[in-house]
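Residues per chain, in single letters:
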Amino acid sequence: MNYNWNWHIFFEQNPTGAGTYLDMLVAGLLLTIKTALLAWVIALIFGTIVGILRSLPSKTASWIGFGYVEFFRNMPLLVQLFLWFFVLPELLPRAAGLWMKQLPNAPFWTAAIGVGLFMSARVAVQLAAGIASLPRGQKQAATALGLTTGQGYRYVLLPIAFRIILPPLTSEFLNTIKNTSVAITIGLIELTGQARAMQEFSFQVFEAFTAATVMYLAINIIVVTGMRFLERSLAIPGYIAGK
Amino acid sequence: MKHRQIIGYLLAGALCTTPAMAQELTGTLKNIKDTGAITLGFRDSSIPFSYLDDNQKPIGYAMDICYKIVDAVKKELKLDKLEVKLNPVTSSTRIPLLANGTIDLECGSTTNNAERQKQISYTNTHFLTASRYVTKKAGKINSIDDLKGKSVVSTAGTTNIKQLTEANAARSLNINIIPAKDHAEAFLMVETDRAVAFVMDDILLASLVAGSKAPDDYVLSKDAFSKPEPYGIMLRKDDPAFKKVVDAATAALYTGGEGQKIYDKWFTQKIPPKNLNLNVPISSELKNEFAKPSDSPDPDSYK
Amino acid sequence: MFDNLDFDVIRRSLPYLFLDGMSFTLMLTGLSALGGLVFGTMIALMRLSSYRLMGRIAGLYVDFMRSLPLVLVIFWFYFLVPYIGQWLTGASRPIRVGAFTSSLVTFIMFEAAYFSEIMRAGIQSISKGQPAAASALGLTYSQSMRYIVLPQAFRNMLPVLLTQTIVLFQDTSLVYVLSIPDFLGAASKVAQRDGRLVEMYLFAALVYFVISCVASYGVRRLQARIAIVR
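Residue numbers (the working numbering), protein chains in the order written: chain W, 9 to 251; chain C, 1302 to 1604; chain A, 362 to 591.
No wet-lab data here; the hints were simulated from the structure.
Glycine residues also receive a C-beta, built at the ideal position from the N, C-alpha and C atoms.
There's no promise every hint is true.
Said to hold, decoys possible - What follows is a set of in silico ranges between Cβ atoms, one per label pair, in the way DEER data are often shown:
#, chain 1, residue 1, chain 2, residue 2, range
1, W, Ile121, A, Met415, 21 to 31 Å
2, W, Arg240, A, Asp367, 50 to 60 Å
3, A, Leu523, C, Leu1326, 41 to 51 Å
4, C, Lys1566, A, Val528, 21 to 31 Å
5, W, Gln148, A, Tyr412, 48 to 58 Å
6, C, Lys1438, W, Ile41, 36 to 46 Å
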């Protein structure tokens, strides 16, 4: 392979004047984590609301939930980010559009919200399936106890449903982290973006990508291990995952 | 015994080669001959060097030069037919794609500098341009210092974004630098007020402004981030046989006056797709370079 | 709100968008799904094989690919495939690989990891009695896989495989980062050339939306039919 390997490149000064190339990648890693966490919070909030809507007996509610999920699931994430970033500000009144475009961290907010909403559709599907998998008796027992629908969800259905769907939620969280990389197309310089910037500045393509790969693997391992502990501590006795 | 064997091989080798093929073909030339094809890398929006016309076909000044090089390669290899394949590249993919053999020549607007020459080679310079920025007149940006704290866009993988990054650090301007995929996208960031300025080679900025919806809204900076730097067509490093053919082809083109003709076609006449005339007559520096073609990365050597 | 928009730009660029862009996208989706399925099935068989080491290697491959963002994988392969070709063929220089082939290899390798998990679930859903009966009939391992297990696994998993293909169809839009003119790439080239981002991106979104909606509706219908047959 006629390629000039140079693993020392990570410790060489980068052109931003602030530290080495490794520092650049670490800054990217932190931004990836920050974006993914915010996106995940958004995904959980909206996903829960829509998931509940889909599980309600009301036709209108489940229809709204269905429409929401279809809207966010049937467009590529990249296209959705373009809609939020390039299209939305142009359709708003001029002043509002300008304000949006000149936000100091416009790519970050757009990425977190865009990825968050995209993932919320998936969370909603998982949650609706989780609620549907509960025995009907749970809901009936809640009603018999005099709980309102809201209380029934709050104290009975959601706590169990969320525990049941914890494993698929783990993989959706991992997807959220991976999906933040799509935001390089709107100028977010997260981990993949920094690896590319390093490639462009230093010409060491494969070193830069190797480092980014290792960092993504590390995040994955940490998240998977952490979630396994969480699953174990939240397991309900009597269910398959429980003891 | 051993020596005799070696001499025998050498003799056999010498007898087998025909005079026309005095040397065994190596590198890119061999590859081109074996596959009967050469791949040119082109750009989306490096007007007028390499860009897409209305039919999404790459055209431009650098493309014309590349087609002349292709003719020379065809002649050198004595091929009846040489297929020309085209592969899109961006500022950030062009060097890795050249190194990994996806493209054989990069026909665009690539700045020739000493740092890049460690990775790839250039043929003779085809243009000289300085790094500046474009802003909207309404933004009232008069100097690089006025960019302090603002959002500024540049194309990822260019020397310009590197110069901007370095200037940002050296002069503590606290600029929010946005990398864009290609020049057209970067210019749109200024047009839609997402960034106040776009840092790029002045000739590319002038072309983008001329082709925009409201050319009078924009102004090019007087301040420059660099001296006028040379543009070259890129080819793989450590391939002297191929470089020799390419250098000879471009040198013949530039010294023979045909280079000037191609230059005039793209810079002083109407060009597609919008029938604009850029009106940039050839500079005296480039004229000198055409008389004495050079692939030097040193801006001062073109004075 | 829509006063200064020019939707005529879409009509003018339709031939380019569909004949070049969409045909690239569909071809890439179709061939990647096919290749991904073949490779994925092989990986699934490796994972389920009685050779520990083979199972471990296949498992590592799947976990590795599924840990990485597709964008990063696309970059890796676009720059690496020619070197892999050089290594495989023993050539003295990197092999020349075009943009389409390179993306195809990327998506096949990436999707194989996802398809293999689906096929693994499909194979595991077949009751143990079936391969046992097959071997009692004197069928070899490969015969029992080919004639008994895989056809059923494939049939049972068809809706999931098709859903994954719809995801793949959407994911191919990411080749945009390499400036390759797939459907979205073509739309963005027109958008940037004419300064018509709003019109072109809205149109691209609509086209992806309609195709994916129709396709997932078809998958739901298919699922209902399969469910009845069983």
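A quick look at each hint next to the structure:
Between Ile121 (chain W) and Met415 (chain A), the C-beta spacing of about 44 Å breaks the proposed range 21 to 31 Å. At about 59 Å, the beta-carbon gap between Arg240 (chain W) and Asp367 (chain A) stays in the expected band of 50 to 60 Å. With their beta carbons about 50 Å apart, Leu523 (chain A) and Leu1326 (chain C) fall inside the hinted range of 41 to 51 Å. For the pair Lys1566 (chain C) and Val528 (chain A), the supplied restraint of 21 to 31 Å is violated, since their beta-carbon distance comes to about 48 Å.
Taken as a hint, the range 48 to 58 Å holds for the pair Gln148 (chain W) and Tyr412 (chain A), whose Cβ atoms sit roughly 51 Å apart. About 41 Å separates the C-beta atoms of Lys1438 (chain C) and Ile41 (chain W), a value consistent with the hinted range of 36 to 46 Å.
Violated hints, listed in ascending order, are 1, 4; each of the other numbered hints is respected by the structure.
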